[in-house]
Amino acid sequence: MNSWIEALVALFLLAGSLFALIGAIGLYRLPDFFMRLHAPTKSTTLGVGGMVIASLIYFSSRGDGLSLHELLITLFLFITAPVSAHMLAKAALQQKVRLSDKTHGRPWEQ
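In short: position in the sequence shown from 1, add 60, done, that's the working numbering.
Derived from the structure by calculation, the hints contain no laboratory data. Since the model is a prediction, treat every value here as computed from it, not as a measurement. Just so you know, not all the hints are guaranteed correct.
[Claimed, not checked] Straight-line distance between alpha carbons at most 25 Å, and here's what the computed SDA-like set of lysine to any residue pairs gives:
id: 1; residue 1: 102; residue 2: 160
id: 2; residue 1: 150; residue 2: 99
id: 3; residue 1: 102; residue 2: 150
id: 4; residue 1: 156; residue 2: 145
id: 5; residue 1: 156; residue 2: 86
id: 6; residue 1: 102; residue 2: 132
id: 7; residue 1: 102; residue 2: 151
id: 8; residue 1: 150; residue 2: 90
[As the list claims (entries may be wrong)] Cβ-Cβ distance ranges computed for the label pairs, FRET-style:
id: 9; residue 1: 123; residue 2: 162; range: 50 to 58 Å
id: 10; residue 1: 84; residue 2: 136; range: 19 to 27 Å
id: 11; residue 1: 145; residue 2: 89; range: 39 to 47 Å
Backbone N, C-alpha and C define an ideal beta-carbon position, used for all residues, glycine too.
Starting from the given sequences, assemble the full structure and let the hints guide the process.
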């Protein structure tokens with residue numbers, strides 16, 4: 061394998077790992093449900109996407125042809141994460157989940 065392909069795979073793995081770490085830290089540190097909802101749906105999705113792209117590059121460069129499994133995983137991930145986050149947010153709005161003082165907007169108090 062060429063060294064530039066290895067460097068590209070390493071770059072995507074590092075970037076994906078960094079985004080996943082930031083998402084995990086955000087999930088742990090943010091004070092309420094609505095703030096915590098952003099961590100797994102935004103940064104962790106990008107993190108897993110970066111790792112899957114690294115896998116796509118690695119297995120496609122081995123000479124077996126283009127690896128489409130990773131493209132399907134990425135497509136499924138990028139479609140389902142926002143939909144599930146929207147459903148969780150709507151359910152939390154209906155249940156009037158307790159908010160932190162730092163959260164802006166109180167949609168059920170209008």
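Which of the numbered hints above does this structure break?
-> 11
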